[in-house]
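Undergrad: Each protein sequence line maps, in turn, to chains U and R. Quick note: the first sequence uses UniProt numbering, first residue 1, plus one each step. Quick note: the second sequence uses UniProt numbering, first residue 1, plus one each step.
Treat the hints as calculated values from the structure; they're not laboratory data. Certain hints may be false.
Said to hold, decoys possible - Think about it this way: if two alpha-carbon atoms lie no more than 30 Å apart in a straight line, the pair counts; the simulated DSS-like pairs of lysine-lysine are:
(1) U:K5 - R:K163
(2) U:K163 - U:K75
(3) R:K236 - U:K5
(4) R:K235 - R:K338
(5) R:K338 - U:K163
(6) U:K5 - U:K46
(7) U:K236 - U:K66
(8) U:K208 - U:K198
(9) R:K165 - U:K5
(10) U:K236 - U:K46
(11) R:K338 - U:K113
(12) R:K99 - U:K5
(13) U:K46 - U:K67
(14) U:K5 - R:K19
(15) U:K5 - R:K235
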Amino acid sequence: MFETKAGVLLIGGLGFFLFAFLSNAVVPILLYRHMPEQTVQQLVEKNENLQYQLEDLNVRYPEAFKKYYGEPGQKAAVEALRLGREVYIAEGCWHCHSQFVRPVSNESERWGKVASSIEYQNELQRPVMFGTRRVGPDLSREGGRRGNDWHAVHFFDPPQVSKGSPMPKYPWFFDGISFTALMTRLEKQDPTFAAKLKEDFGDDLASKQTQVIAAVRKKYPALAEELTLSPDAPNKRGLAIIAYIQWLGSWLEEYPDYERFVPLNEQMQNPLE
Amino acid sequence: MSEHSSSESEAVAAIAEGKLVEERLVLWYFVAALGYLAISLAGGLLMALQLVEWNPLQGSEYLSPGRWRMIHTNAIAYGFIANAFLGALHWAVPRLTLKPVGSRALSYFIFVAWQVVVLSTAVGIMMGQAQGVEWGETPTWIDPLALAGLALVAVNFMIPIAKTKGPLYVTLWYFMAAFVWTFLTYAMGNIMPQYFIPGTSGGAIAGLFIHDLVGLFVTPLAWGLMYYFVPILLKKPIWSHGLSLVGFWGLAFFYPLNGIHHFLYTPIPMFLQYGAVIATIAVELVVTTVIINFFATIWGSTRALITNLPIRWFYTGMVLYFVTCAQCAMQVTLTFQKLIHFTDWVVGHAHLVMFGVFSIWFFGMMTYLFPRLFRTPWYSRRLCEWHYWLSIGGIIVMFIDLGLAGMFQGYYWASLRPWDESVAGSQPFWIIRLFAGLVIIAGQLAFFYNIFMTWRMSRRSAARPAPQVTYPAGGRVAGA
Numbered sequence: 001m002f003e004t005k006a007g008v009l010l011i012g013g014l015g016f017f018l019f020a021f022l023s024n025a026v027v028p029i030l031l032y033r034h035m036p037e038q039t040v041q042q043l044v045e046k047n048e049n050l051q052y053q054l055e056d057l058n059v060r061y062p063e064a065f066k067k068y069y070g071e072p073g074q075k076a077a078v079e080a081l082r083l084g085r086e087v088y089i090a091e092g093c094w095h096c097h098s099q100f101v102r103p104v105s106n107e108s109e110r111w112g113k114v115a116s117s118i119e120y121q122n123e124l125q126r127p128v129m130f131g132t133r134r135v136g137p138d139l140s141r142e143g144g145r146r147g148n149d150w151h152a153v154h155f156f157d158p159p160q161v162s163k164g165s166p167m168p169k170y171p172w173f174f175d176g177i178s179f180t181a182l183m184t185r186l187e188k189q190d191p192t193f194a195a196k197l198k199e200d201f202g203d204d205l206a207s208k209q210t211q212v213i214a215a216v217r218k219k220y221p222a223l224a225e226e227l228t229l230s231p232d233a234p235n236k237r238g239l240a241i242i243a244y245i246q247w248l249g250s251w252l253e254e255y256p257d258y259e260r261f262v263p264l265n266e267q268m269q270n271p272l273e
Numbered sequence: 001m002s003e004h005s006s007s008e009s010e011a012v013a014a015i016a017e018g019k020l021v022e023e024r025l026v027l028w029y030f031v032a033a034l035g036y037l038a039i040s041l042a043g044g045l046l047m048a049l050q051l052v053e054w055n056p057l058q059g060s061e062y063l064s065p066g067r068w069r070m071i072h073t074n075a076i077a078y079g080f081i082a083n084a085f086l087g088a089l090h091w092a093v094p095r096l097t098l099k100p101v102g103s104r105a106l107s108y109f110i111f112v113a114w115q116v117v118v119l120s121t122a123v124g125i126m127m128g129q130a131q132g133v134e135w136g137e138t139p140t141w142i143d144p145l146a147l148a149g150l151a152l153v154a155v156n157f158m159i160p161i162a163k164t165k166g167p168l169y170v171t172l173w174y175f176m177a178a179f180v181w182t183f184l185t186y187a188m189g190n191i192m193p194q195y196f197i198p199g200t201s202g203g204a205i206a207g208l209f210i211h212d213l214v215g216l217f218v219t220p221l222a223w224g225l226m227y228y229f230v231p232i233l234l235k236k237p238i239w240s241h242g243l244s245l246v247g248f249w250g251l252a253f254f255y256p257l258n259g260i261h262h263f264l265y266t267p268i269p270m271f272l273q274y275g276a277v278i279a280t281i282a283v284e285l286v287v288t289t290v291i292i293n294f295f296a297t298i299w300g301s302t303r304a305l306i307t308n309l310p311i312r313w314f315y316t317g318m319v320l321y322f323v324t325c326a327q328c329a330m331q332v333t334l335t336f337q338k339l340i341h342f343t344d345w346v347v348g349h350a351h352l353v354m355f356g357v358f359s360i361w362f363f364g365m366m367t368y369l370f371p372r373l374f375r376t377p378w379y380s381r382r383l384c385e386w387h388y389w390l391s392i393g394g395i396i397v398m399f400i401d402l403g404l405a406g407m408f409q410g411y412y413w414a415s416l417r418p419w420d421e422s423v424a425g426s427q428p429f430w431i432i433r434l435f436a437g438l439v440i441i442a443g444q445l446a447f448f449y450n451i452f453m454t455w456r457m458s459r460r461s462a463a464r465p466a467p468q469v470t471y472p473a474g475g476r477v478a479g480a
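Take the sequences, apply the hints, and build the full model.
TA: Now the structure itself:
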């Protein structure tokens with residue numbers, strides 16, 4: 001039996017494989033059968049935290065939001081979360097970030113509530129995004145911890161907001177800002193120069209875009225660059241990944257869940273607390 | 001070999017004339033394998049540069065390190081290792097069964113089809129179509145093609161195996177089981193978590209997949225080849241047939257039960273996690289018997305470790321295999337997991353397995369087979385030595401370095417210091433890792449150059465009559 005073709009193929013090949021599959025895969029499936037998979041639609045229905053984040057995105061990036069998602073309602077939320085998850089997988093974020101908090105190694109101190117099965121019984125966790133490596137921190141409680149603009153700048157160029165960050169840049173999550181947005185920025189940054197442009201080219205600057213941009217480029221080359229690529233103009237994928245990140249943990253009561261980290265020197269000032 | 005029937009001696013003669021084995025295909029597979037090895041090394045290098053912030057290619061979507069990290073692992077598993085296996089199987093199976101593979105045309109078709117599968121996997125991942133299963137990032141639309149390919153491979157090699165009569169040699173047990181396992185594993189991992197099973201139980205299946213891919217596809221085929229090549233090169237049979245049986249059946253039973261150990265401390269039910277931990281420790285006991293068997297085999301011929309390069313590659317790989325497995329038995333415990341899970345320790349472990357063991361074995365097989373395929377001795381034995389020492393030196397430094405890095409990271413995180421401190425603290429280790437990787441790459445460049453020059457020499461000497469290369473008559477040497 002142990003050296004025959006039938007023995008090797010049927011017992012070793014098929015039998016033991018099936019035994020492992022039954023005991024290690026079918027058992028948890030049966031254990032969780034009373035927790036059906038939720039659709040994205042069901043997930044966003046009562047999620048006010050997520051709704052708030054979408055409205056915030058809409059206020060901060062009105063042009064882009066309108067263009068790619070329309071109104072910041074549930075339909076937009078469903079679309080953004082689905083795409084956000086796709087981006088998260090395509091970019092390999094899950095190979096540098098985990099999505100579960102373990103009950104050991106002080107992880108609940110750092111990130112919040114320990115992971116539980118019910119949190120993962122949904123369409124966005126198929127395949128589940130547990131992850132096996134943390135170059136960056138766990139993200140399952142990331143939602144609400146940072147503002148949407150922080151995330152935008154972080155994806156555009158991580159070291160700008162997090163010194164020495166080895167996280168890659170994602171400029172392809174962004175468009176350039178519009179001409180109107182450029183002018184608004186210029187008026188805030190250098191009102192005299194903006195006024196001078198109007199003197200030179202007339203009140204309707206938009207009709208003389210090329211000359212105006214050339215003039216701006218001379219004085220503020222970095223600003224003119226943003227017409228092609230800017231952290232202030234997340235595109236469809238950019239908005240989606242930010243929404244997805246803000247969704248993580250948004251189903252919990254304690255959203256956002258900040259680290260209870262106290263720097264050592266502050267701890268030492270009141271060692272008894 | 002006087003007891004062989006006349007048809008068997010005819011088959012042996014056919015091998016010697018190069019008729020039974022499609023040698024051109026073996027060569028093609030090896031060349032394809034090395035091409036993907038180069039791609040994989042490039043991906044690893046890119047990620048290593050990214051971590052130390054020296055990545056010169058920042059900002060390009062198609063060269064994003066996140067995507068190339070997935071190309072790195074997929075190219076090594078499906079490009080390098082799978083292609084090298086197919087080449088080696090085309091060499092070994094006809095010799096062991098004394099029969100040609102199922103169909104020559106099918107063999108060439110599979111070759112082309114498999115290159116299409118792997119190449120589109122790499123391109124698909126580069127374009128952002130990865131699937132969210134670790135080691136199974138193959139874009140979903142390729143999965144059915146890959147499965148069809150695996151089924152054809154199994155059929156093509158099972159035909160000669162099915163035709164042989166009487167007890168089978170160890171190698172063939174491993175091959176046969178691996179054909180079944182590889183297909184089932186691939187189907188399970190690429191289809192169930194993607195389409196049917198969400199969340200925690202999907203995670204359990206993904207864990208089974210990660211583990212079975214190494215344990216039920218790579219490991220059995222690789223050990224099968226060791227049972228084939230080692231006795232031939234040492235010109236003596238494997239020490240103990242009984243231990244071979246223990247090794248095979250122990251692996252077959254315990255290995256598939258390990259999967260969940262990749263997701264310890266997740267919400268997967270704790271009793272399943274304990275089960276996986278215990279099965280893993282059992283595997284290490286089984287592995288010890290296999291290692292004993294092989295070291296008892298070489299006992300008395302240890303000079304071969306110096307003089308015979310392929311044997312040196314094989315046995316170095318076995319020592320590193322034992323290290324990996326010993327490490328595994330420790331790191332799988334829940335106590336160790338607290339510290340090292342999610343850290344570079346695991347990355348070091350994975351590199352030791354995939355490069356330090358299996359790639360090293362392939363280098364041994366290739367060192368043995370390229371001169372036979374080209375019918376020309378190596379252009380430079382010296383470059384072969386460089387290949388060996390740079391590869392081994394590089395991987396050992398990388399392994400120790402990443403292991404240490406992992407422990408530091410574990411302690412940083414548990415200490416609740418801000419995350420960035422753990423990143424800053426990892427920098428020295430990541431820099432050493434980068435250089436260890438460059439050493440490995442240098443070794444492979446020496447190998448590629450050596451192969452190229454040997455090929456050129458073979459072209460030049462093709463005009464002259466072919467030199468005599470002796471062909472050992474397959475598994476018969478191995479005590480069957």
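Undergrad: Now look at each hint and say whether the structure bears it out.
TA: Results of checking the hints against the structure:
no. : hint            : result
1   : U:K5 - R:K163   : holds (11 Å)
2   : U:K163 - U:K75  : violated (37 Å)
3   : R:K236 - U:K5   : holds (25 Å)
4   : R:K235 - R:K338 : violated (47 Å)
5   : R:K338 - U:K163 : holds (28 Å)
6   : U:K5 - U:K46    : violated (58 Å)
7   : U:K236 - U:K66  : holds (10 Å)
8   : U:K208 - U:K198 : holds (11 Å)
9   : R:K165 - U:K5   : holds (10 Å)
10  : U:K236 - U:K46  : holds (24 Å)
11  : R:K338 - U:K113 : holds (17 Å)
12  : R:K99 - U:K5    : holds (17 Å)
13  : U:K46 - U:K67   : holds (25 Å)
14  : U:K5 - R:K19    : holds (26 Å)
15  : U:K5 - R:K235   : holds (27 Å)
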